[in-house]
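Visitor: The residues making up each chain are set out below.
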Amino acid sequence: MSEPRFRLRVTYRKTGMLRFLSHLETVRACERSIRRAGLPYAVTHGFNPHMRIAFGPALPVGTAGLAEMYDLWVTQHVPATEALARLAAVTREEIRPHAARYVPLHAPSLAAAADVAHYEVVVSGNAEVPEALRRALDSIVASGELTVEHKGTQKVFEIAATLLKEPVVRSSDGGAVVEVATRMGEKGSLRPDALVKAALSLADEDAVVASVTRVRLAASSHDGSESSL
Amino acid sequence: MADQVRDAVVPLLPGVERPSRYVDGEWNAALTEKAGKRAAGYRAVLAYPDVYDVGMANQAVQILYARLNALDWATCERVFVPWTDMADAMRRESVPLYALESFDPVREFDLVGITLPHELTYTNVLELLDLAMIPLHANERGDDDPLVVGGGPCAYNPEPVAAFFDAIVIGDGEDAIVDVATAHRRMKEAGATREEILEGLRSIPGVYVPSHGRIRTVRRAVADLRGYRAPVCPVVPYADVVHDRVTVEVTRGCARGCRFCQAGMIYRPIRERAADDIVRDAMAALRCTGYDEVSLTSLSTADHSQFVEVLRRLGRRLHGTDVTLSVPSLRADALTPDVARLLGAAKRTGLTLAPEAGTQRLRDAINKNVTEDGLLDTVRRAFGNGWRRVKLYFMIGLPTETEEDVLAIASLAARVLEAARDSVPSKERGSVRVAVSVSTFVPKPHTPFQWEAQVPLDEVKRRQALLQGAMPRRGVELSYHDAETSFVEAVLARGGREVAGAVEEAWRRGARFDAWSEQFSFGRWLEAFESAGVDAHAIANRERDPFDELPWSHIESGVSTAYLRMERQRAYAGETTPDCTFAGCTGCGVCGALGVSNVIAGGVRV
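First to last, the protein sequences are chains Z and X. For what it's worth, the numbering used here labels the leading residue of the first sequence as 1, then goes sequentially. For what it's worth, the numbering used here labels the leading residue of the second sequence as 230, then goes sequentially.
These aren't lab readings, by the way, just hints derived from the structure by calculation. Keep in mind that a hint or two might mislead.
[What the hints assert, rightly or not] Pair by pair, the computed Cβ-Cβ distance ranges are: (1) X:Asp317 x Z:His23: 23 to 29 Å; (2) X:His548 x Z:Ala89: 25 to 31 Å; (3) Z:Gly38 x X:Asp651: 44 to 50 Å; (4) Z:Ala219 x X:Arg702: 55 to 61 Å.
C-beta atoms are modelled at their ideal positions from N, C-alpha and C, and glycine is treated no differently.
Next up, chain Z with everything else stripped away, as it sits in the complex (with noise of 0.2 Å):
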């Protein structure tokens, strides 16, 4: 009865004040909105079982997703429009799921196959941020190389390894956008206001990073290009 025969990819966002949940949090808040829509969820043999679920790479604390995923097994199938709509019922809207469907029960799991991450970094300051970010980025990009300090301790990163693709920077209403591009390695990857910040002090600009949003997760092909998850 509680086999798992199906395979549910629930898409998500975390957005507004809910960015500050961290992943443990996220965890245990997704889990309780599916008890909640009464999906028929499998769950694990023995002495405490729990709810098969997997979730995709964790977001840091304060950073927002737009498309965040986990896979759900559960032991009937539902039609995924239904699932979608009854988790969307009981969910608030911050981090409301908004996309769901069946893969194949032995497909690889979210946090082996997305390997790269889109964000969008928003840049406070003023209207020569945008110009001074771009010569910045394109200087890191040429030197190769970012050392970044993170709890005390330095980290190297090769920018070719490192970043899916050339940093883009947007005007915008005070500021700038910058789409960054990630790979997440084995051994960790860059965090995108990482390299903004960088960035800005390198430009000796006064502007701030005022939010971070992963856009969508995505699976990297060896011909470099990538695919929907």
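Since chain Z is already given, all that's left is putting chain X on it; use the hints.
Guide: For chain X alone, coordinates are given in the frame of chain Z:
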């Protein structure tokens, strides 16, 4: 104002621990804008004087929140004390304390309800009022300030915090809070002054207005819980909070009559809820919250006359799911073979037992009707049914305690360890854990021991060392509640109005989160007592004459003082008193005084 506050809060969040404490957005939290009630309505905010993670576990907050939000003319929000990092950041940036749901400043609300769960939260009450920019003293508040109302267990001796509250509700709050809000709203709309409002609130049963003097106030008691539904859609936190699960109240009150226990006196009589209601509410709450655990709560859950039936029915409903059932307060003698089997099928958390004293003589004196044989039987049964951990609670400094009693804690712990080891397969003996937690007795108001002196600090430490030396070398983990904390607790529990100055002084010197041992500073409290001219030792360590007026004599729990005096005499004589729900009336007086009686759902307790 809300948007300004929110904009000011966001930049603070990346720099603090656990920012989810401060953002709201939980499932089942009241949607104040959408309800459309806000513009026209009366606005209340409930505060728990500790951090979010602790406050969200409190049942009273959830019950009162649901009650107020069910009114069509009122909205109710929540607020907790920001942890020190956030509080400091808010002060630095002049951000006022805000209610979680709307981000509106707390000082803009009509009513601020603060629950008083234990004495060590008193400095946090001041921290909360100060962060909210509400005048600390009731007599400094004007017509535009919120009405600050207290309640909860510490309301039974309100004097040490009386100066900070406009009104204090004594007893069950669910009906009283509605009465207070109704009267407050009516008088506010009629243009009443603050003084007229306080005068009006005094006529509500159970409401004490400290500024009008120490006026006799009889506690409020809900006669029967059958007509009332537990909040089945409580707010579901994101953060990892204490007791993160559905809690269903199964019984209010306990008549076991342990003589040190305040809850066992002030929550009388026994009000059981029917098995049907408990099962219905548990299942509805699981569905409405999505929790994976449901807990049956009361002071002594296994005493419920339909306990086994409830366990059986819930066990059947939850079979094959990932949802577990837990019972947090089991008596040592409650783990019958039936119960062990039914609970054993659920998640086995550690077993917690509270013999409280090491010898039968002392257990009789405190009326803890647990025998050593009963305790060891329970341990054998639990470990035979799969449990591997047991925690034992004891107290040091109980009235009539001798060295022999203290040393007996160690030998009892050793016998429990032996019984536990003998009840598991030999290859699993290494996984058996016995933890012994020892606290210091605090004589509490409204108990038979309210006149007792607390044992002086040096003597408590001597007895702790004595016990430490006698404990088994291996297999038992011993931990103490900090004795200094218990001393401060005794002063705050037993003091009168004069103690308020010391509470304020301690807070001004930086005391907050006193219940968190790493935040507590004894030195700071001693300075505060001295500076405020409070003789702390005379309050904590002096025995009172049983016929003298006490600071809390004007607050009536319904249990008569004559009964408390008699119980104290029986303690000295080593005589036990039975539980009236099993053995007939013992004459505590609560039923006559309050016009209530025990409600036993199954008709009879066995």
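Visitor: Each hint should be assessed against the structure and marked as holding or not.
Guide: Now for the hints, and whether the structure bears them out:
1. X:Asp317 x Z:His23: 23 to 29 Å: For aspartate 317 of chain X and histidine 23 of chain Z the Cβ distance comes to about 26 Å; the hint holds.
2. X:His548 x Z:Ala89: 25 to 31 Å: Roughly 27 Å apart at Cβ, these two residues keep to the hinted range, so it holds.
3. Z:Gly38 x X:Asp651: 44 to 50 Å: holds, 46 Å
4. Z:Ala219 x X:Arg702: 55 to 61 Å: holds, 58 Å
Figure legend: structure checked against the earlier numbered hints; every hint is met.
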